[in-house]
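A.B. asks: By the working numbering, the letter at position 108 of the sequence shown is numbered 108, and the numbering carries on one by one without gaps.
Quick caveat, the hints were computed from the structure, so don't treat them as lab data. Backbone N, C-alpha and C fix where the C-beta goes; we use that ideal spot for every residue, glycine too. Hints are supplied without guarantee of correctness; some may be wrong.
To be verified - Now the in silico label distances, taken between C-beta atoms and shown as ranges:
id, residue 1, residue 2, range
1, 239, 167, 37 to 45 Å
2, 142, 214, 27 to 35 Å
3, 36, 181, 39 to 47 Å
4, 203, 29, 42 to 50 Å
5, 66, 186, 38 to 46 Å
6, 168, 237, 16 to 24 Å
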Amino acid sequence: MWPHSLVLGLGRTAVCIGTDDHDLAAHLAPWAITEPAELVDLAAELHPTSPVDGRSARPMANLRRGSDWLAATPDPRPVRDGLLRILATIADDGIAADDDMRGASRRMMLAGVPSIRDGAVDLLALAQVATGSYRRLVSAADRLPLVDRVVVDVDALTVQVAAPLGRPGDNTAGEAWPLRSWRVDPPLLPPNGDDSGDDGRVAHKVAALAPLLDVVGVPGRGGPHGALSALACLLERLPPEVVA
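With the hints as constraints, model all of the structure from the sequences given.
C.D. replies: Here it is, written out as structure tokens:
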């Protein structure tokens, strides 16, 4: 049980947040709605309790989605910053790929952690950050915002990282960076040795990677078909790398 549990109304989405930090809970209070807090969707533990015996490793601040760890860091500030950026992304109702693609910029929300280096983004697989060495990853980047989702503009091949959720009404558009590469876990991509032709292989890969679009659980304004079309386009323009 978290000391603070709030259900936030963000755009068309209700998100249950758990945290052990009073100031963070107070910051989020303006978005709180009167719905029962059930399963926690996202949680930020900024002040983990040290073991009583003093011999075990000191727990680190951590960010979780449900029961899954997204990241753990020795410094709580990236965890707080990451949670607020994730919430700002959820709150942005404008993130959607147009269903008919009539000349509009094709944007989709995609699961991944942006590693920003030399002015471009390498989009890491969530498992790389959840199970890898945070120190090693952060030392290899100029910036490593601890978010689990970004907005990808397929036409411009850019990644948008939302600004942290501030006060109600604040601009959360954030910054856009060129997308240099994106990485996925091996189980997500199907084997290449099929005889279904190019179109069949693309369709197979789109179906396999579709869970990366479902990071909020509520389809964007363009609906699932628009996001899938944008994903297919991204696969053709910039195929993903498979994490070794």
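A.B. asks: Checking each numbered hint in turn, tell me which of them this model violates, lowest number first.
C.D. replies: Checked against the structure, the hints that fail are numbers 5, 6, while the rest are satisfied.
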